[in-house]
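K.L.:
Here are the chains, one letter per residue:
Protein chains: 2
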Amino acid sequence: MTIKQVIVVRTDLEMGKGKIAGQVGHAAHLLTAAAYESAESTPPSNAWIWYDEWMKTLYRKVVLKADSEAELFRIFGDATKAGLPTIVVHDAGLTQLKSNTVTCVGIGPCPGELIDAITGNLKLL
Amino acid sequence: MTIKQVIVVRTDLEMGKGKIAGQVGHAAHLLTAAAYESAESTPPSNAWIWYDEWMKTLYRKVVLKADSEAELFRIFGDATKAGLPTIVVHDAGLTQLKSNTVTCVGIGPCPGELIDAITGNLKLL
Chain A
2 MTIKQVIVVR TDLEMGKGKI AGQVGHAAHL LTAAAYESAE STPPSNAWIW YDEWMKTLYR
62 KVVLKADSEA ELFRIFGDAT KAGLPTIVVH DAGLTQLKSN TVTCVGIGPC PGELIDAITG
122 NLKLL
Chain B
2 MTIKQVIVVR TDLEMGKGKI AGQVGHAAHL LTAAAYESAE STPPSNAWIW YDEWMKTLYR
62 KVVLKADSEA ELFRIFGDAT KAGLPTIVVH DAGLTQLKSN TVTCVGIGPC PGELIDAITG
122 NLKLL
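So the sequence lines, in the order shown, correspond to chains A and B. Those letters in the first sequence? Residues 2 to 126, by this note's numbering. Those letters in the second sequence? Residues 2 to 126, by this note's numbering.
Any given hint might turn out to be false.
It does not matter which identical chain is meant; a pair holds if it fits inside one copy or across any two.
Said to hold, decoys possible - Lysine-lysine pairs mimicking DSS-like chemistry, simulated, CA-CA at most 27 Å apart:
#1 K99 - K57
#2 K124 - K99
#3 K66 - K82
Treat the hints as calculated values from the structure; they're not laboratory data.
All chains, full assembly: derive it from the sequences and hints.
P.N.:
Below you can see the structure in the form of structure tokens.
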């Protein structure tokens, strides 16, 4: 079973590469925090089980692109319904963007086939 | 006290923007994991105290650039000597880069003035 994390970034906002990297950093940070926050739950959460497994590998991260906010919310909805660890990143609006702009969605870590069913149509950023 | 996290990325590797974002994601993920791993230590670790404080704010991330591996190791050394949470990201070499290439250094979250003493000369990516 290949465990991976996928982060989908909006390309229609025309963010610079440093800005994109910061938003993807937020996604990776928040998904990690959520996994740790669920570590003590009973029964064990999938988020923690998958995180723990992922850390034994190369903790693969894949960055994909989507061209609209609507597509990001479609992905968020599908991933949530599938029971996958999922977060939406809102930008604070300090630089480049208006406050609360949705910039990316992070999913996982979780089994690759569960993510691929949702983001398999998207291209690498 | 402004708490922030700084991630310094090498520009001499000519990584694509998706590749850069993934490496910065690794840095944010690993620093978050390290903060949680130190959460139970006695006395409380600075890593956890700063992380906890940072999460009450906008968990600011700043992505900077450096033009060589040597500069990255200079930053890593200085940050480590200063007692700041610090990690080096090595790429697994699955795409674009040779295995084990050092791609970025992550520092913090910690008080901004402690980071600025080390990375204040660097420009935004």
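K.L.:
Now tell me if each hint is right for this structure.
P.N.:
Status of each hint after checking the structure:
no.	hint	verdict
1	K99 - K57	between (39 Å within a copy, 21 Å between copies)
2	K124 - K99	both (26 Å within a copy, 23 Å between copies)
3	K66 - K82	within (21 Å within a copy, 39 Å between copies)
When each numbered hint is compared with the structure, no violation occurs for any of them.
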